[in-house]
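A.B. asks: Here's the letter readout for the chains.
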Amino acid sequence: MNWWQRLLRRPEMEEKLDKELQFHLDQHTNDLIVRGVSPSEARRRARMSIGGPEQAKEECRDARGTRWVEDFWQDFRYAMRMLRQRPGFAAVAILTLALGVGASTVMFTVVNGVLLRPLPYPQPDRLVAVHGHSDGWRTDLFGEQNVAYPDFLDCQRGSRSLTMAGSLFDGGTISGSGLPEYVDFQEITSNLFSVLQVSLAQGRAFLPEEDRTGAAPVMILGYSFWQRHFGGRLDVLGASLSLDDKLYTVVGIAPPGFRLRDSEPDVMTPLGQDTARFLQSRNAHPIGVVARLQPGATIAAAQAEMHLIGRDLAEQYKDTNVDRSFVLQRLRPNIGDVGPTLWLLLGAVGLVLLIACANVASLLLARAISRERELAMRVALGAGRGRLVRQCLTESAVLGLSGGVLGVGLAAWGFRPFVALWPGTLPRVEEVQLDWRVLLFALLVSLLSGFLFGLAPALRAPVHKLGEVLRGGGRGVAGSSRRLHSSFVVSELAIAVVLLVSAGLLGRTLLHLSSLDPGMNVRNVLVTRMALSPSTLADPAKTRAAWKDVLERARRVPGVQSVATVDTFPMREGDNEQGYWTSADLPPSNKLPFALMTCVSPDYLKVMGISLRKGRFFDDRDSLTTTPAVVIDEVLAQNAFGNQDPVGKRLWIPEMGYASNVFEIVGVVGHVRHWGLAGDDQARIRAQIYYPFSQLPDGLVHRWSQLMSIAVRTEIPPLAEVASLRSELKGSAGDQVLYQVRTMEQLVSDSLARQRFILLLFGIFAGLALVLACIGIYGVLAYLTGQRVPEIGIRMALGARPNNVIWLVLRQSLAMILIGIALGTAAALAASRVLQRLVEGMQPAEISTFAITIPVLVLAAMFASFLPARRASRVDPVIALRQD
Amino acid sequence: MNPKSDLPQGTLDLLILKVVALGPVHGYAIAQRLEQVSQHVVQVPQGSLYPALHRLENRGLLAADWKDTETGREAKFYRLTAKGRAQLETEAESWERLTQAVALILKLSAGGAE
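Protein chains in written order, with our numbering: chain L, 406 to 1289; chain H, 625 to 738.
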């Protein structure tokens, strides 16, 4: 028989074992009787000689080798029976665990989707990104550099180990079906989809012959855009759409969820058809490059090859490509700065899980002690220590897994609301889903927590002094469990302190940040991006006139106080940075200090309510024929000029693309918190420079107009003004659009959304921790006090009064509370360091937060211990003394 | 409980194999035979006899059949398998070598003390 046959035929095996031993006993007894021993004495001796039939059977069963499965099954059924017997205990334990495991699983689902899952392309590990590299480029400020289009073409042609595809971000107004709409579009090379190995949902990808100048204009629609505008209709294939006044034939629909540089493009056009001048230059680096390694090629080999190509180009094109090379990196999703926040929340939720475990552990321990006699009986019947430990662990594993299953259920239901609550858009949100990783995580967490809270009770399984336990009824050993019980309470309290103090610190931080002055008057300001009529964009003079017209018309709308055009506005809504210097003696470009550049019309200061410190702001004097003027903020004034008056001084800004790179400072204004209320203090570039749209050279007017917004100060609530502004500004052809309409107040508030969200979650976690810790204290004290009932009875019989008894119990809990708080305070100080590193604008820990949050905890804990204390004080000494 | 056996570790298995090698035999007979042969020099713990039998059966060194005894009761008779016989030979041999070596050492030290 092999082991599973032995397992399946267990009843038969048992029967045979019985029969065999019985035969032995009978024979032995008979032999003894024949030798003249009395029958009853003979039976006794026979049993003795075999060492007790039950123990012998146990050892025989061990010898079978199938023992663990049988035991497991037996333990499992036993555990289920125990849980059914105590439904209250089971419910509390399972719910507590489900909460802990569920919350952790939700967080892990998000972490998994956003940070851990590979890119949704086939063989993602063969994909690389290609970046430009040159000494002058500051990756710390601007991120990775893209590649010039001619360089890209040379690399694509020259590489043997990579198939390369490129894309260029652009924007334009689409019309032809219903309202004109501004769209984000990507110009892509014809092989992009084949490099990513993504097939289109409908239609076809671009053909190589469509990827060059002069070919017939064709277009691929993004899936969401297709659904939004055409309701998924297939007849759009082959139809014509107008994009910036040019007709394109739709040839394909991208698959759902297709993303390029981390956003879903509305439409895509062939990159090769774009005739823009900057695409011919090796000085502009706009192309994002993704490549797939050829079969058998390694990254190192491909990198070496790209270096060679870079060196060749540097020799061939000395003025543009000197010191320029190309760097490969594994293609990774760009998830911005959410990583630290997600890990932080996962850590916090882990603390809640720990408290839940400690809670269940103390419940289990209390039960294990009241079961001491039962366990002792089992030892007497032949169970070994390992066997008992296994049995206890099986019970807690059953508990843990039940909690886990329920928790996964909670998580499956809960992660979507959580994702929806996330402030702004969570990157890679479409990847957030339950998958095998999440299930594995939940399984491991449940088993691990089962092990964690089951271990202490299991190790307490009695093996020594059996007789004492069996006779004494377990009361004698209670003392030794007190320390273990207290340590659970202490750790729960310590963790609760960490979460409470962290929540308190976050709350204080948020209060502090909200009270900061953004540097402008954010009330009643509407900001909206605006796309001019495509027909005006071709000619700079026409474009200037169109903007002038927009400002005049907007100013006439009732309720509008003032209006201005601006390319990037505060609260991180876009940024443009330039290096500057205060003399003609320019250092190398990577040594220049940088400033935020904002291109505005004269009323910008009035609209935003920014204060003028010195000199003047822009006006009609600043035109194409006068010296280019700039206004700087006080940060730049301080950085560059110290205590001197900057007005009238000059700035050299080499990369502006102006005919002359010298600018005259005409005024100084207050600093605006461009990077949000929380982020501005630590931002790498804070200095600000404003320059007038009226002096922008013709060559830049087109690009700037594509990025332009208008800001409007209103007398009425700003959102009420949107409809009239829309109709007033739609232009003669009706193809001018306002999009991304927001109020400045919204933007300021959004700039703290991350902090608010973290605070909300920490608040919830801290509340949970507080409740769980109180339940834990209550349970432990109720149990410990219950153990002491006879002692209390004696004390009362000897004259102790109810108050003395209450104090007796409270003193015990007060000791635990104080130790817990001491440990928790130390841990909270460490946690605040972590928070300071991970949360933008986080204030350091200070005493008042502790002084506010810790009394809350002490009060709650004392309240939880007061109930058992009062019950103890009402013990009737007569009954107490008779107990047991 | 009886004190544990004074048998050196692992020798019970060897003794059982040797007894069973003489012909099919049931557990009680093995116990009796061991007791007779050892003549009270070693105490065979009967409590460990059955676990040992079952272990040897599971390892395939012994096989068992249910047969009637002379008295007409059905009993489990153990016999040696081919694998068991091989095991018995190697173990017996190594036991012999061990005892010889130990005896040699004991003699040596006795000589040294004189």
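Think of the hints as simulated: they come from the structure by calculation, not from any bench. Please note that the accuracy of each hint is not assured.
[As the list claims (entries may be wrong)] Derived lysine to aspartate or glutamate pairs resembling DMTMM-like cross-links, with alpha carbons at most 25 Å apart:
1. L:K1011 to L:E1060
2. L:K424 to L:D436
3. H:K642 to H:E698
4. H:K691 to L:D436
5. L:K1135 to L:D589
6. L:K462 to H:D692
7. L:K424 to H:E681
8. H:K691 to L:D589
9. L:K651 to L:D742
10. L:K421 to H:E698
11. H:K691 to L:E419
12. L:K1011 to L:D944
13. L:K424 to H:E659
14. L:K1054 to L:D954
15. L:K421 to H:E720
16. L:K947 to L:D922
17. L:K424 to H:D692
18. L:K462 to H:E720
19. H:K642 to L:E586
20. L:K421 to H:E694
21. L:K651 to L:D545
22. L:K424 to H:E715
23. L:K424 to H:E717
24. H:K691 to L:D990
25. H:K707 to L:D944
26. H:K691 to L:D423
27. L:K462 to H:E659
28. H:K642 to H:E681
A.B. asks: Run the structure past the numbered hints and jot down the numbers of the failing ones, going up.
C.D. replies: 1, 8, 9, 12, 14, 15, 16, 18, 19, 21, 22, 23, 24 and 25
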